[in-house]
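Order-wise, the sequence lines are chains W and D. Here this note's numbering is used: the first residue of the first sequence is 1, the next is one more, and so on. Here this note's numbering is used: the first residue of the second sequence is 1001, the next is one more, and so on.
Note that these hints are calculated values from the structure, not bench results. Note that the Cβ used here is the ideal one computed from N, Cα and C, for glycine as well. Some hints here could point you the wrong way.
To be verified - Just some of the chain W residues that point at chain D, by a computed CB distance under 8 Å:
id : residue
1  : S7
2  : I14
3  : R16
4  : T100
5  : F136
Here is what each chain is made of, one letter per residue.
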Amino acid sequence: MIRVRRSAVIDAPIDRVWAVLRDFNSHSAWHPAVGPSTIERDEAPDRVGCVRDFTLKDGNQIREQLLALSDRDHVSTYCILDATLPMRNYAATVQLKRVTDGDRTFWHWESTFDVPRGREREFEELVGGQVYEAGFTGLAAFLRRGGRPFPLLTAVDSVGVVAMSFGGPEVLELRRLDSPAPRGGEVRLRQTAIGVNYIDVYIRKGLYRMIEPPAPIGMEAAGIVVESNAAGFSPGDRVAYACPPPGAYVTMRTLPAAQLVLLPDHVDEEAAAAIMLKGMTAEYLLHRIHRVKPGDAVLVHAAAGGVGMLLCQWSRALGARVIGTVSSEAKAELARANGCEHPIVTRMGSFAEKTKQLTGGRGADVIYDGLGREAAPENLAALATRGHWVSYGQATGPLDPVNLSEKSGTFSQPVLFHYTSEYLHQMAGHVFAALRDGVLKPDVRRRYPLAAAADAHRDLEARRTTGQIVLLA
Amino acid sequence: MIKVYTSSVIDAPADAVWAQVRDFNGLPQWTPFVAESRIEEGQPADRIGCVRNFRLRDGGVIRERLLTLSDYDYQCSYSILESPMGVENYVATLKLTPVTEGNRTFAEWWAEFDCAPEREAALAEQIGQGVFQAAFDSLKKVVAR
């Protein structure tokens, strides 16, 4: 076994060096010994597992696989899969460290491998000199030339799920899209996980006129910054967003940095995509629209659904008595496991009588209503005197005006984005803290490939799903 | 808990730099701010657990305990037992790594500690620049070829 170690100091800030090195296919742009290189199967060049297939200028051919990539530690590890050189068991690690004195970068490159007996010295010099040392010089020169041409990253194609017209799930089609370069204040993301919400269904049907077809839909996603034209965000940052305009069902997205939040280490991208919009919905419903207090009787509809489950978890943690409605015994069990003390199983939508029984005749102090028109008479009947009816969704159709004088009731019809436009970082921070503390427990049971978004919509509309739904890009 | 990280490049081989900094009693020989130093209880200066007791040129006295010392990794760490700086739970690590290009040394020095929140920024600057960077600058001259 041979071990080769080389290191150098590059006269450029670490973020600049790392932005190049983290792209596993960038070497053909800066390494003097590397000829044409492609990533197999069009995978993203910073995705662990991707394979680069390249030709050295001396004619040798090599396939290498990315084994690990840490944007936090600036470490990349890879191995040779096949080569026309007699090297076996080759595994290499690149690590960068910040030189605070002068804002430079220390670059350590190390590998171990086997070669035929007697050729150790030849290969130590080949790898150490013509690969690693030549690479140090080549990248330094590339950066001095002002080189920021990440050829693959600027020429990105995006793929997205587009509503070709308003209608059923069948109007959703996978299409190639352009991802524009980020302008001032914008960043470009490679999205890894996308959240599916009921609002996506309303938009697809044209009930909420937020797109003009053909256009991609989707309100939230999480991913990795690949290009930044905004202060405070660098390539490699893990971020998430939940905001209009629709267009989140895509692999690459360019959007204003003001809409993004950085993900703490304890929140992975799938959890973020599952919970950004629904978690912030629960946050503002329970803490801003109506401040839930210990002992409040809270009525949550669709208590096993994406938002309903989070409302149950969080209001229970706040000390409320949680009553919920669900459409089946199985969902009642799930709601109970998520903090709903009294799930009411009702497919036909009668729950007022039961709610009154459970509250000693008083009714619910606050109703979180995502149902809308068909449930309105029952909601009015279930509301306590001086209670608060919060309508945040209209799954059964738009509500007619309601007269609350018989209950001295308060009615709210809040829109999440009117709150996130002002309090995004507070709200997201509150959700992430609740995740960390185990108050919120996302339950992602359904993951679909992005291309199967229509199936996700069918399952959601047929009430076949519970918890949160995520598309993986 | 805050963390201060300072790193530099010293234009001398790592062996030579390490020979200078591995002496836990050697601060007066390579830093600009230590006037005199001794190891308490007559212990050897490379014994884990030994305590160095040194006086700064401005008169302050600091006692620090050696926690780890590795000639293989060119790395040592220590904690502060007493100091006029107003820090708690202070643990610092000094580490050298060879830079093969030019046969130089990449030197890192970091510390983690607790202090009053309003003093964090000033202490981070004082320790990162006033202590670690100033010592690196002085070390560069001491080991210059």
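Quick rundown of the hints versus the structure:
1. Given hint, S7 of chain W at the interface with chain D, holds; its Cβ is 5 Å from that chain's nearest Cβ, closer than 8 Å.
2. The interface hint given for I14 of chain W is broken, as the beta carbon of that residue sits about 10 Å from the closest beta carbon of chain D, more than 8 Å.
3. Hint status for R16 of chain W: violated, given a least beta-carbon distance of 17 Å to chain D, over 8 Å.
4. A cut of 8 Å between beta carbons decides the hint on T100 of chain W: the least distance to chain D is about 5 Å, and the hint holds.
5. With 8 Å as the threshold, the beta carbon of F136 of chain W comes within range of chain D, its nearest partner Cβ sitting at about 6 Å, so the hint holds.
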